[in-house]
Amino acid sequence: MNAPERPESFERREPELPNALPRPAGEFEALKRAWKSPRGLSFITDVNNTYVGIWYVGTAFLFFILAGILALIMRAQLAVPESDLVGHDLYNQLFTMHGTVMMFLFAVPAVEAASVYLLPNMQAARDLPFPRLSAYAFWAYFVGGLVFFGTIFFGLAPNGGWFMYPPLTGTKYSPADNADWWLLGIGFIEISAIAGAIEIIVGVMKTRAVGMSLDKLPVYSWAMLVFAVMIVIGFPAIILGTLLLEMERAFDWPFFIAERGGDPLLWQHLFWFFGHPEVYIIFLPATGMVSMIVPAMAQTPLVGYRLIVLALIATGFLSFGLWVHHMFATGLPKMSLSFFSAASTAVAVPSGIQVFAWIATIASGRMKLTTPSLFVIGFLLIFTLGGLTGVMVAMAPFDWQAHDTYFVVAHLHYVLIGGMVFPLFAAFYYWIPVASKHALSERLGRWVFGLMFLGVNVTFLPMHITGLIGMPRRVYTYPVDMGWDALNLVSTIGSFMIALGVAIFIYDLARKFRFASEDNAGNVWNAGTLEWLPNGQYATRSIPAVVSREPLWDQPNLSKDVEEGRYYLPGTATGGREALVTSPFDARPQYILQIPGAGWQPLLAAVFTAAFFLLLTVKLVLPSVVCGVIAIGCVIWWLWETDPGPTRPPADIGGGIVVPVYVTGPMNHSWWAMIVLMVVSGMVFTCMIFSYLFLWLVNPSAWPAQGFVPPHWVWPATAAALYVASAILIDRASGNLRGEDRRSPRSVPVLIGIALLLVSAASAADLAAQWRAGLSPSAHAYGAAVYALVSYQIFFVLTTLLMGLYTIARWLTGKLDSVRRTTFDNTMLFWYYTVGQGLVGIVVVHGFPRLTGGV
Amino acid sequence: MAAVRTGQVLLMLAGLIAWAVQFSLIYGATSTLCGREWADATLLGLGIVPASILTVTLAALAVTAAAFAWSLKGYRSAETRPVSAADRFMVQSAALVNGFSLIVILWQGIPAFILPACA
Chain U
1 MNAPERPESF ERREPELPNA LPRPAGEFEA LKRAWKSPRG LSFITDVNNT
51 YVGIWYVGTA FLFFILAGIL ALIMRAQLAV PESDLVGHDL YNQLFTMHGT
101 VMMFLFAVPA VEAASVYLLP NMQAARDLPF PRLSAYAFWA YFVGGLVFFG
151 TIFFGLAPNG GWFMYPPLTG TKYSPADNAD WWLLGIGFIE ISAIAGAIEI
201 IVGVMKTRAV GMSLDKLPVY SWAMLVFAVM IVIGFPAIIL GTLLLEMERA
251 FDWPFFIAER GGDPLLWQHL FWFFGHPEVY IIFLPATGMV SMIVPAMAQT
301 PLVGYRLIVL ALIATGFLSF GLWVHHMFAT GLPKMSLSFF SAASTAVAVP
351 SGIQVFAWIA TIASGRMKLT TPSLFVIGFL LIFTLGGLTG VMVAMAPFDW
401 QAHDTYFVVA HLHYVLIGGM VFPLFAAFYY WIPVASKHAL SERLGRWVFG
451 LMFLGVNVTF LPMHITGLIG MPRRVYTYPV DMGWDALNLV STIGSFMIAL
501 GVAIFIYDLA RKFRFASEDN AGNVWNAGTL EWLPNGQYAT RSIPAVVSRE
551 PLWDQPNLSK DVEEGRYYLP GTATGGREAL VTSPFDARPQ YILQIPGAGW
601 QPLLAAVFTA AFFLLLTVKL VLPSVVCGVI AIGCVIWWLW ETDPGPTRPP
651 ADIGGGIVVP VYVTGPMNHS WWAMIVLMVV SGMVFTCMIF SYLFLWLVNP
701 SAWPAQGFVP PHWVWPATAA ALYVASAILI DRASGNLRGE DRRSPRSVPV
751 LIGIALLLVS AASAADLAAQ WRAGLSPSAH AYGAAVYALV SYQIFFVLTT
801 LLMGLYTIAR WLTGKLDSVR RTTFDNTMLF WYYTVGQGLV GIVVVHGFPR
851 LTGGV
Chain C
1001 MAAVRTGQVL LMLAGLIAWA VQFSLIYGAT STLCGREWAD ATLLGLGIVP
1051 ASILTVTLAA LAVTAAAFAW SLKGYRSAET RPVSAADRFM VQSAALVNGF
1101 SLIVILWQGI PAFILPACA
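In order, the protein sequences belong to chains U and C.
Each residue of the first sequence is one higher than the one before, counting from 1 in the numbering used here.
Each residue of the second sequence is one higher than the one before, counting from 1001 in the numbering used here.
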């Protein structure tokens, strides 16, 4: 490999190799054996990111094709005026499914899937820290997504638009099951996205090459970290929204029914608090991909690394201040709108920083005009145009003119296709040599790019005009004399050009893509990052130490030394699958993580979770509950094999570094995952409090509803005392379970058991208080909001109950002691969270009406 | 060490967190004051809505300016004494993020002096 010359720097000295040659006999074979995939049908039970990542990307691409076909049917319908190819009801389902599938089943899963495959390779990790969670997320998405898409063939697909605004989607105007498919189907696929986000956060922070400190982290990893944090913050809003709308539809709790104190605008707030960041959730990983591709194509390091990191983080924050710019036409005060206008323009700055950094990188190197380069250039042009029209619609007066017209359709497609689809195609062409024996054809790739680039512009550029001359979106046909005919015909021709480009890509894929790991096509672009190291199912033979952001350029012997096992952990210390966990800032080795291997548990858990939600959609309650119980059983079966404890003494990974094979407390990866899970739960709860306060704001004289006397203060005081007492007992149990002598005192299960009784009694008291006071959840939005908070808390108490019993079971079977206590720590963290949430809930539900003088 | 790292992350994100708090407070205050028809009240001769926005914006600016100054100090210190690459990266990024946040916070507060409160 020809490494470009680099200035010498004290930080760029190659590290001394930690392991000597020759390596012990059998070491490499043992590593390969540990990572070997099951044969036959059991192959689908493998959880290795190499396989799951590819399946995941393939499934996401399948949904891209399916949603694209729906778009072609719509364009065929709109090619000429007064067409009767498709009726209005089917058309409603088509545009709803096109948007929903593209956003929820293609865009987010595609970028998450790519990272499942790429992140461990790019960070030289053996796998992500929770491979079974990745497998669970994938199978849940695969099964749930395909069943959801299948509804279009039975006339059952949702038809209320991809943002499902009530009251149109309430039972009054949408009494059939179509809307429920969206609410339950998509709601549960969001849970899958969150599972992936937890995996990515912990993976980026804890499993990196030695020495890959934050300043050397690939920009793609930064982008995925921000992406995952945004999912954790943003997705809870839509999870809550779908939950509230489904509760309204199923139990008549009037969150969005204005006659009973609800407000349809609440849905819009919850939807767009997720929906606008969603655009950046899709866009940021794509920019991360571009930031990896551009330096390789220009053969020079990325210009402005720190500024790009700033841009990613700033975008992550600012994108949460834009949601109301989708609601400019709802009559909110102009002052409020202006806050969102200001944030909408401010967020253009970090995006601009990234664009200029890429242009500067291209200018400072010698850009090779390969297919990935062409897609990157296409991305820059199309996304920038979409960004400019974005600034236009960020101005409220312009938005009032363009709202719900084809101008908006043009804008959003320029942003999403430019900002995500083009970078994804660049990524396909760029990274397929890592995953396949052959790279894709450059000659066909130019055709694919040309057709897609022209097709996108031919389709969507005219739509700006179609919209400005008044054509509304979501109409299944239009009269002859509106002046829209020619523009629509051109758009339809363009859409089929895109389809032809994609068809050639699929043809090339079928011709050239042959899955490979050891015998892949190799570093065909002379790139500088670690995913281009020689690898196998075990990832790299040894875990490298890196000294720069482009280690393959700066450490010329790296590939050879890694492959020979001269870096860290060249074998398996425990005989099973392992990853090396490193510190979050400096990437110093901390411990060896024992990773679970292939198993049916995540697959079965995912299938039965999907069945639970999907059967609930068609009101088959009993089979649904049975599937839910089986899914929980599968998760317990899966977890039972984890938390192995210190199965052997600390191991030497090379260079005199000895690390343990098991740790507990804040250093442990599952501790981090629990913290992230608590943030997700806290965000759902925060959105619930926001909903409560929002409904109060629209019901100033009915909070609580007239004639209702809230429960006496003794009830909430009792519930709060019980919650606190349970937390004290858990703290006591934690204290009893400390020490190096592997003690497992009998007091631990007893204390957990009593704490379980107390926490259950606390939530029962909270529920009974409202019920005895005569509050109805369906009479008024006040009751609905109160019962929503109480029900959410009961869900957490039930989960705590399950976790507490599971922890006791671990103690009874000798799998829990003062050293092997990760299971207890997880339960303890969740317990504290549940208690804290319960206390805040009590303060809000019982304190707020008294504070505001409603009582 | 964990406390030092937490401090570094908080310093790096201080400006953007201040913006998030400012944004939530000014939007929440405007919605509540207008929604409950309390917007006619005044504070120091200013309408309650612009006065609230001004107060929150000044507070956010003060916090961010302090974080910016602190990160610049760290930046200069990192130039003169040996620190790890990760530490240098954190202070440099903190200076960039906080400097950018100052502009965003100012930009966010400007509408209060241009538009009517609840129209």
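Hints may contain errors.
Unchecked claim - Have a look at the derived ranges for each label pair, beta carbon to beta carbon:
1. U:SER776 - C:ASP1040: 34 to 44 angstroms
2. C:THR1042 - U:VAL618: 55 to 65 angstroms
3. U:SER37 - C:TYR1075: 47 to 57 angstroms
4. C:GLU1037 - U:GLY707: 20 to 30 angstroms
5. U:GLY470 - C:TYR1075: 46 to 56 angstroms
6. U:PHE154 - C:ALA1003: 31 to 41 angstroms
7. U:ASP177 - C:THR1042: 46 to 56 angstroms
8. C:ALA1069 - U:TRP447: 50 to 60 angstroms
9. C:ALA1069 - U:TRP637: 50 to 60 angstroms
Don't read these hints as lab results, they were simulated from the structure.
Even for Gly, the Cβ is constructed at its ideal location relative to N, Cα and C.
Consistency of the hints with the structure:
Evaluation of the 34 to 44 angstroms hint for U:SER776 and C:ASP1040 yields a pass: the beta carbon distance comes to about 36 angstroms. At roughly 58 angstroms, the beta carbons of C:THR1042 and U:VAL618 sit within the given window of 55 to 65 angstroms. Roughly 49 angstroms separates the CB atoms of U:SER37 and C:TYR1075, a value that falls within the hinted 47 to 57 angstroms. One distance hint, 20 to 30 angstroms for the beta-carbon pair C:GLU1037 and U:GLY707, holds here, with the actual separation near 24 angstroms.
A hinted range of 46 to 56 angstroms for the beta carbons of U:GLY470 and C:TYR1075 is consistent with their spacing of about 54 angstroms. About 58 angstroms separates the C-beta atoms of U:PHE154 and C:ALA1003, a value inconsistent with the hinted range of 31 to 41 angstroms. For U:ASP177 and C:THR1042, the Cβ-Cβ distance of about 54 angstroms falls inside the hinted range of 46 to 56 angstroms, so the restraint holds. In this structure the hint that C:ALA1069 and U:TRP447 lie 50 to 60 angstroms apart at CB holds, the actual value being about 56 angstroms.
Checked against the hint of 50 to 60 angstroms, the pair C:ALA1069 and U:TRP637 passes, with Cβ atoms roughly 55 angstroms apart.
Violated hint for the displayed structure: number 6, the only one.
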